[in-house]
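Got two chains here, each in a separate frame; can you build the complex from them with the hints?
If you want the building blocks of each chain, they are given just below.
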Amino acid sequence: MPETTTNGHAQSFVGTRTIRPDGVDKVTGRARFGADFNLPGQLIGRVLRSPHPHARIVSIDTSKAEALPGVKAVVTRGDFPDQPSEFIPAGEMMMNYKDVVRNVMAREKALYEGHAVAAVAATSVAIARRALKLIDVKYEVLPHVIDVEEAMRPGAPLLHDDLFTVGVEPKPDKPSNVAKRIEIKQGDLAAGFKAADLVVEREFKTAPVHQGYIEPHAALATVSEDGTTELWCTTQGHYIVRAHCARLLGLDIGKVRVTATEIGGGFGGKTVVYLEPLAIALSKKAKRPVKMVMSREEVFKASGPTSGATVRVKIGVKKDGKFVAGFAELKYQAGAFQGSPVQPGVFCAFAPYDIENVHVVGYDVVSNRPKVAAYRAPGAPISEYAVESVVDEIAKKLDIDPIDLRMQNAAREGTKAAYGPKFGPIGLEETLNAIKKSEHWNAPLRKWQGRGVASGFWFNIGGETCVSLTVNEDGTVSLVAGTPDIGGLRASLAAVAADELGVPYDKVRPIIGDTGSLGFNFLTGGSRSAFSGSMAIVEAAKQIKSELCARACKLWEAKPEQVEFSGGAVRPLGALAEKVKPMTIADFAKVAGKTGGPIGGVGRINAQGAGPSFGTHLVDLEIDPETGRATILRYTVAQDAGRALHPAYVEGQYQGGAVQGIGWALNEEYIYGTDGKLQNAGFLDYRMPVASDVPMIDTVLVEVANPKHPYGVRGVGETPIVPPLGAIANAMEQATGIRFTELPMSPPKVLKALKEKGATKV
Amino acid sequence: MAKHHIQAHVNGDEVEFLCETEDTLLDVLRDTLHLTGSKEGCASGDCGACSVMLDGRLVCSCLVLGCEVNGGKVETIEGMAEGEELHPLQRKFLEHAALQCGICTPGVLVASKALLERNNNPTETEVRYWLAGNLCRCTGYDKIVSAVMDTAAAMRKG
Chain A
406 MPETTTNGHA QSFVGTRTIR PDGVDKVTGR ARFGADFNLP GQLIGRVLRS
456 PHPHARIVSI DTSKAEALPG VKAVVTRGDF PDQPSEFIPA GEMMMNYKDV
506 VRNVMAREKA LYEGHAVAAV AATSVAIARR ALKLIDVKYE VLPHVIDVEE
556 AMRPGAPLLH DDLFTVGVEP KPDKPSNVAK RIEIKQGDLA AGFKAADLVV
606 EREFKTAPVH QGYIEPHAAL ATVSEDGTTE LWCTTQGHYI VRAHCARLLG
656 LDIGKVRVTA TEIGGGFGGK TVVYLEPLAI ALSKKAKRPV KMVMSREEVF
706 KASGPTSGAT VRVKIGVKKD GKFVAGFAEL KYQAGAFQGS PVQPGVFCAF
756 APYDIENVHV VGYDVVSNRP KVAAYRAPGA PISEYAVESV VDEIAKKLDI
806 DPIDLRMQNA AREGTKAAYG PKFGPIGLEE TLNAIKKSEH WNAPLRKWQG
856 RGVASGFWFN IGGETCVSLT VNEDGTVSLV AGTPDIGGLR ASLAAVAADE
906 LGVPYDKVRP IIGDTGSLGF NFLTGGSRSA FSGSMAIVEA AKQIKSELCA
956 RACKLWEAKP EQVEFSGGAV RPLGALAEKV KPMTIADFAK VAGKTGGPIG
1006 GVGRINAQGA GPSFGTHLVD LEIDPETGRA TILRYTVAQD AGRALHPAYV
1056 EGQYQGGAVQ GIGWALNEEY IYGTDGKLQN AGFLDYRMPV ASDVPMIDTV
1106 LVEVANPKHP YGVRGVGETP IVPPLGAIAN AMEQATGIRF TELPMSPPKV
1156 LKALKEKGAT KV
Chain B
3 MAKHHIQAHV NGDEVEFLCE TEDTLLDVLR DTLHLTGSKE GCASGDCGAC
53 SVMLDGRLVC SCLVLGCEVN GGKVETIEGM AEGEELHPLQ RKFLEHAALQ
103 CGICTPGVLV ASKALLERNN NPTETEVRYW LAGNLCRCTG YDKIVSAVMD
153 TAAAMRKG
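Protein chains in written order, with the working numbering: chain A, 406 to 1167; chain B, 3 to 160.
Bound-form chain B, shown alone (with noise of 0.2 angstroms):
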């Protein structure tokens, strides 16, 4: 069969790609576009290391398809710091050590974004319950946690 011919918006630019109908978003980010900071954990949406953001919504790109993004809006981690100037999330993952090995850090970061934008005063229950579909191995998740709750916090006041 024919490939499926794609236009979206990926971090503000336009892209154009071909892909297979079995292809996931993910793969699709990784191989076609080259952006390889979504990772893959499992291929079946337990992990959120492929975490993006697809027309605002939180996802796993890993249970998209490629061709379901046509004419739609994807943000990754690629797009997440504004020139050199690191978004507040990811300047306070590094003051609070909230990685450690760091693979799945892009997909933490892209899902406490969007939380942040949904609830800029969240307790830290609701980080817990936020991030629960991310799984990390290393930290235990208390810095990770610490570090969106002060983000927040320095957010709110401005």
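So here's chain A without its partners, still in its complex pose (with noise of 0.2 angstroms):
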């Protein structure tokens, strides 16, 4: 590792692959995860879950299980108050504390098959599921819907008697399971289709598919008797869990400490509460600390899954290959409560594409599945599918190369996106570039092999930062952040400090701090972790700087001017320079005690100009005609992350939200059966892809600096997940002449297709 020198430039650690500071207690099994956690005397926390996916809660008796040896609580609706009905912004999405209080525990109905209808604490596991049996629920049983489009029809079974459509003319005197209705609109739509040449209208759907993160939901409580919590969790923001608890308990922030566990995955899926404020309701009634994990059909049943939506999409376009019109509806499934990532969805059906006459309508539809949770640019890979779908479509009947046609559609700088904003610098063009320049795009395909290209936008977010550097004694740095790390944040962030201090990478130890140890910080998502931590830091860097300054100006009794810091040190200038010596943090370090006490710096910040991301997919896919089944032979990817600040994290994100986005469109899905039960609650059966089912993903780093970023820095994770869908939907299509419209594209319904189309002679 390079040393800082006192006359000369500190190596810059940004932008190179260095070894992330967590890494070793990950591959030693050392690093604690939710579920690694323990404390003395903590109970067990078991839920009891609803069988049913929809009825009315009659009555709970629970008197039996309490009178169990060694059941210390139960807990059940009354357990939590009411919350009055009111949105507020969560993450990309909006929630209801109204909502959020009978999601974690069900109130007047149970929603939807998992549903927390109580949960116990006890000192042994057997004991908490002897007691789980002794809770007598009396259900009223309901009629269910699960479909989407059957859910929006009038007389569908009715989730909320409370629940009016929003944004519709005149306001609807009846409730229904649509909450919502939002729409966009640029130019004249009906004069855009009336100039086309070619129309091209599909109508399109997608399931429901799971976060995936292979460490399940996990909590450890311990509330003292002056109420006193502390909790730890697998979380993406403890800051927002703290809120969440605190609102839902009626207790102080002040008084409730969050720990973020390390994360074993979110992608979106933990950014919301589910047995957290169980354990501390728990730990409040035992006076005993008490730990609860979920099982994996737990968390298929009762957490996150992502909407499954219908979406009709019709682009108009000139015989050239311009478009002139574009037109989406998005149905979208938000599960048992309102908030699905229809918004998002509606924002960037068509952020790719500069248009000049669009409009996008979504529907927020209810239906009795667990309510729906981000997952990865929520909304965002379901509505772009369905137009890079149509896209390629246009392509092939007006037989122009679809990597031209987006070309000459790109959104670029000066883009006016239809959901508001003028575009500044963006890299569309240089990855749609990228690929076309790739050996890959050029090499040969066999029978039953086809190629596929998509193009995928994301927004990216900024949003409440704080994070700290201090100067240990000995001139090494302390960084606290506050938002976990779940995929190489502290290599980035630790990267950064170095830089901008000037030090050895490896004098940087980052850790992520508990929310008692810094001022408020917005989760981890939406891609802002790492843009939003890095100009925190270059906060606190600045900081520390310009009191190391003032206090050599003490030391040398010299004038600003006269001093400045570079390199890892405060350097005299001019004159002076004759005088004294330059002096390191680790100098100043020495003598921090005699010049003004202890060294640091805190950026607290709501970083603002986060850069949208756009990235452009090819894949190359084989079909075997006797299975159904496809096979990725290979695949590229091409990102703009604006400034890589980790290339083989950045790349990692890549290769990640490619690979999901695989799942995504070939075989994962919720399968329900007529009951309205999950059938496929378990890794067997809800096939992710495995290291046998994908090949190496390349990755191409285009960098398009983000001019509001100190380092030019875009959100990466976000992105990577929206072309897959489209792309692989287009190779399938080039393989086999078919245009699938519905996700998954599972062997079942290929080989179905095969069949109809008479093609399944080899």
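Read the hints as simulated data drawn from the structure, not as lab findings. Check each hint, because a few of them may be wrong.
To be verified - Subject to a maximum C-alpha distance of 30 angstroms in a straight line, what follows is the list of computed BS3-like cross-link-like pairs (lysine-lysine): (1) A:K950 with A:K1113; (2) A:K599 with A:K610; (3) A:K469 with B:K75; (4) B:K159 with A:K538; (5) A:K1162 with A:K802; (6) A:K801 with A:K1160.
Okay, structure coming up:
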């Protein structure tokens, strides 16, 4: 590792492939994830869940369970005060505490199979399980509805008597399952279609898919007699967990301390609370620590998937390929409570393209499924899949190269997006060029093989962020961030801190602090944590550098203009350089006590200027005509990172997102029986990609600097899951001659389509 | 029913423990022996996060009962590094950034080590099929497969 020198600039670590600071703990089994925490005297908490997809809860009798020796607490709906209806922003979505309190513990009704109805804390797992069986819940089973189209029909079983569609005129006088209608409009759609030489219209369906993090939800809570509450949990945002728990249980935020454990994947699914308020409520009652961990079945049935949807897309185009009109109608499942990601779906649908006339309508629809949670670029993959499929069809019909067609219509600097803003410098064209220039694009294909391309967009976000840097007595630096690190954040932030302060990377120790150690941090999501965190570090480092310059002035009896901070040291300038030697951060650390006390800085920002991110994916696949199975042969991702703080972890985001998209496109889906129960709540039947399902994922890091970030960074995590669905559908079309309009394109569906086409003979 | 008294070797140490009949080896490792490096992702043998070696065989410890290991030899992720020296696989996983969240990493490493012990020159396809029982949701497997193949190459050179 390079040493900081007193007469030169330190090496830059940003943009290099440093070893992650938390790495050794993670390859040795030492890293502590949600379920790895224990406290002396802890009880085990378990949840009783509704076996019915829709039922009125007539009564809950917990007396027998409470009487069982070893049971220390039981909680039900009565232990969580009701909340008024009020929408607050939560990540990329809005939420309402009236719904949150009902989702963590069913109140009037159980609204999906797996909905929590009661929870117990007992001295052992066996006793907790027995206690659950002793809880007597009387249900009045109600008709249920699972499919989004059925849920929208008049006369469909109603989930909420007080749900009146917002955003329609006149205001409906009857409740329905449609929570909201939203739309965006630009130009004159009718005129646009009239001017078109070709109009292509298609309807698509996508299945709900789960984020599929390997680590189930886990929480460990301890509440003292005076109400002081400590919680360890696996989450993407411990400040958000603190806010939700304090609100749901009527606690002072200052009395609740939440520590984010290492997190075993989230992808948006760990931005909300499930077990956390239950564990706190149980611990409060039992006066002992309570640990709760979900089973995989509970994860599938009671936590996050993202929406399944029906999407209709219509694009009008001139003969030369110019898009002149785009219409889309999106119907997104929200699960049991409103709040699907339909709004970002609406905003993103046509964002990659410069189209004068656009109209997108979206519906947020409840049905008897688990409440959806954010999933990587929430909502965007669904609407953009439909648009990218239609774009591909247009390219075929007009006999225009699909990359050229996208290039001709691509959003670029100055394009006004239909959802509002005018884009600054963006890298969509660069990603299209990168794909077109790749060797992959021109490689030959054989029979039953197909190649597909698709682009994708995500906004990216900033938000409230607080980071501290402290110079320790020996000159090493402690970095405390408040956004959980899911995929290399600490490595990226440590590199930025090292460069800002001019100290070696391995002298910076980054940790994720608990909620008591920093000001409020919004969660890790929206592709914000490296973007915002690095901005906050620049701020914190600035404070340290100016403080050290001030101290040097005192020590050297110099004026501010006679010193500067560079290369990890305060340097005397001009004549002063003859008299005194530069002082490194380590030199100041040694005399910190005598020169003004501890040295540190705290970056407290509400990060603005997130740079939109675009990517283009290219995929080759081969169909087995006997089974209908699609094998992914080759895959290339090109995406604009703005600036890759840590190229290897940026590539990792591209690769991981692509493979999640492959799963979504080809196999993953929630399968319900007519009884409204989930039939594949396990990793055997919910088929996520395994190592042998996928090839290497080639990556091209495009870097079009974000002018609003000191290093040019754009968020990178979300966009990679957007293009795969369209790219794979387009490749399927090329391989089979069939336009598949329903996800997943699983073997039975493909085989059926091949048979109908009479194309199964090799 | 009385608990079972079990004696076994875990990462070279002789251990004794009591377990219920229904306790899995994973329960015993995590809750009784406090070796929490092995993870529970599914408890059904589908995700491989709990992979350990039992008498030289790669197993999902969630599918083995604690009382089955009586007299046996168990190796977990905690026994992979030798002193301060990381196993070459552990080093290569760090160099290749072959982990993001890291929850699957212990199982993937244990499984990869088992592969390299029987085949020091695996093809990419062999690595992919061997690791097909270890789910990773973050990486898309690319860097994992590269790290394993690079380790094999380095170990062949000695």
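Hint by hint, here is what the structure shows:
no.	hint	verdict
1	A:K950 with A:K1113	holds, 22 angstroms
2	A:K599 with A:K610	holds, 27 angstroms
3	A:K469 with B:K75	violated, 44 angstroms
4	B:K159 with A:K538	violated, 59 angstroms
5	A:K1162 with A:K802	holds, 20 angstroms
6	A:K801 with A:K1160	holds, 23 angstroms
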